[in-house]
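K.L.:
Okay, here's what each chain looks like letter by letter:
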Amino acid sequence: MDNVRLLDRAYNPWALLEAFQQARFADATDFGATAVFTGTMRDFNEGDDVAKMYLEHYPGMTLRYLQTLADTAKQRWSLNDCLIVHRYGDINPGETIVLTAAWSAHRGAAFDACRYLIEDLKHHAPFWKKETLANGDTRWVAENTPG
Amino acid sequence: MDNVRLLDRAYNPWALLEAFQQARFADATDFGATAVFTGTMRDFNEGDDVAKMYLEHYPGMTLRYLQTLADTAKQRWSLNDCLIVHRYGDINPGETIVLTAAWSAHRGAAFDACRYLIEDLKHHAPFWKKETLANGDTRWVAENTPG
Amino acid sequence: MINIKYFASLRESLGKQQDQIPCPSPCTVEQAWTQANPDTAPPEHILVAINQEYASLDAALKSGDEVAFFPPVTGG
Amino acid sequence: MINIKYFASLRESLGKQQDQIPCPSPCTVEQAWTQANPDTAPPEHILVAINQEYASLDAALKSGDEVAFFPPVTGG
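Protein chains in written order, with the numbering used here: chain U, 1 to 147; chain Y, 1 to 147; chain W, 1 to 76; chain F, 1 to 76.
The hints are simulated quantities; they were obtained by calculation from the structure and are not laboratory data.
Please note that a few of the clues may not be correct.
Between beta-carbon pairs, the in silico distance windows are [stated by the list, open to error]: (1) Ala28(U) / Glu44(F): 43 to 53 Å; (2) Tyr54(F) / Asp48(U): 45 to 55 Å; (3) Asp58(F) / Glu143(U): 19 to 29 Å; (4) Asp39(W) / His106(Y): 50 to 60 Å; (5) Gln22(Y) / Thr72(U): 30 to 40 Å; (6) Ala41(W) / Thr72(U): 45 to 55 Å; (7) Thr132(U) / Gln22(Y): 19 to 29 Å; (8) Lys16(F) / Tyr54(U): 16 to 26 Å; (9) Lys16(F) / His106(Y): 34 to 44 Å.
Ideal placement from N, C-alpha and C gives every residue a C-beta, glycine not left out.
Hey, can you work out the whole structure from these sequences and the hints?
P.N.:
This is how it looks when you write it as structure tokens:
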């Protein structure tokens with residue numbers, strides 16, 4: 001079961017989670033806690049209306065980086081599993097960009113691991129956002145907001 | 001849109017989240033971050049195999065307590081909204097007991113609020129778990145594990 | 001009158017889920033307990049709610065109040 | 001040979017997405033940059049990857065390596 005996925009089109013994060021959990025934990029009743037984060041494209045940023053976004057990435061390095069990140073989290077918190085899903089390419093406001101999730105016996109580990117996944121990803125995974133504003137101007141997002 | 005719900009039968013947390021988000025934020029693109037926690041019934045606890053569980057609560061006080069909790073979280077973190085769903089009655093291993101979620105412009109607020117909801121609920125919402133072990137014995141769960 | 005409710009393990013150990021007692025004014029939560037359960041001290045970690053909001057054992061009751069006693073909660 | 005890749009705003013400002021340069025041994029990442037971009041200093045917050053793993057400007061390259069230069073990341 002792939003626990004790291006790059007997608008080039010819109011996806012339903014809740015349906016994806018349901019399918020993953022069903023396939024991965026079909027008859028398992030040994031995890032008590034699931035923590036999930038989803039990041040959704042907003043239609044404003046730094047005071048401007050944003051019409052759409054292009055998400056560039058570094059094919060090859062991206063999957064490799066995220067898989068190492070997922071493996072690290074699983075070891076560090078003894079997770080049952082974790083999941084990272086990230087879009088690339090053209091994205092519209094309201095669409096889900098990123099999903100991180102962690103399954104554990106205990107809620108502290110699930111929360112900490114889920115948050116670690118998104119924080120590390122935001123600081124290190126090779127993605128770059130280019131916004132197209134409502135007035136047609138384009139700009140590269142300079143840096144991520146603090147967590 | 002009710003953001004606090006008590007359910008007496010099994011539910012699909014992901015389908016519920018999808019429906020809530022659809023109804024509550026249909027055309028909204030002003031939240032960037034969603035944090036979710038689900039607690040699932042395990043088939044073991046304190047070294048014993050658990051066959052099923054009965055979740056007693058204090059009708060009247062429960063909803064009232066959880067609604068105040070949700071309102072408090074929304075104010076404290078400027079959330080777009082939050083959601084609390086909790087089972088009561090008979091529960092089987094693998095079924096989702098509790099769901100907390102928070103929608104915000106920023107991920108820090110979403111994570112902090114979601115975790116606050118589940119921690120506070122675990123310490124104060126009037127629910128009590130009675131386990132039936134694999135050998136037929138029943139026992140009240142004495143206390144919650146630390147977060 | 002004061003309406004008393006008991007929950008979970010406390011309900012089972014007392015063998016009853018509710019009591020109704022007269023309300024001598026003034027009357028604290030602890031006095032209501034003693035009146036309803038003269039032979040049993042309130043358990044050490046007991047929790048109290050008056051009209052469905054958390055309260056302490058020395059809070060004052062008035063006629064018509066619903067007071068609930070229950071053990072530490074274990075939801076979530 | 002060394003294969004160089006550029007991403008995002010850096011790719012746009014340089015007007016190219018890749019370079020291929022000979023590999024004099026020894027050769028650091030910074031020397032490879034200068035050889036490919038003699039008139040442009042590397043931007044202050046530039047990030048570097050060698051064969052798709054993060055590295056520093058003074059890391060050593062060998063023939064056949066893929067070195068990537070890119071600005072701070074903004075995913076998630």
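K.L.:
All hints are to be evaluated individually against the structure, with a verdict given for each.
P.N.:
Outcome of the hint check:
Look at Ala28(U) against Glu44(F): about 49 Å separates their beta carbons, and that is inside 43 to 53 Å. At about 31 Å, the beta-carbon gap between Tyr54(F) and Asp48(U) misses the expected band of 45 to 55 Å. The supplied range of 19 to 29 Å is met by Asp58(F) and Glu143(U), whose beta-carbon atoms lie about 24 Å from each other. The hinted range of 50 to 60 Å is satisfied by Asp39(W) and His106(Y), whose Cβ atoms lie roughly 56 Å apart.
For Gln22(Y) and Thr72(U), the Cβ-Cβ distance of about 34 Å falls inside the hinted range of 30 to 40 Å, so the restraint holds. Separated by about 53 Å at the C-beta atoms, Ala41(W) and Thr72(U) satisfy the suggested range of 45 to 55 Å. With their beta carbons about 26 Å apart, Thr132(U) and Gln22(Y) fall inside the hinted range of 19 to 29 Å. For Lys16(F) and Tyr54(U), the Cβ-Cβ distance of about 19 Å falls inside the hinted range of 16 to 26 Å, so the restraint holds.
At roughly 36 Å, the beta carbons of Lys16(F) and His106(Y) sit within the given window of 34 to 44 Å.
In this structure, only the earlier hint numbered 2 is contradicted, and the remaining ones agree with it.
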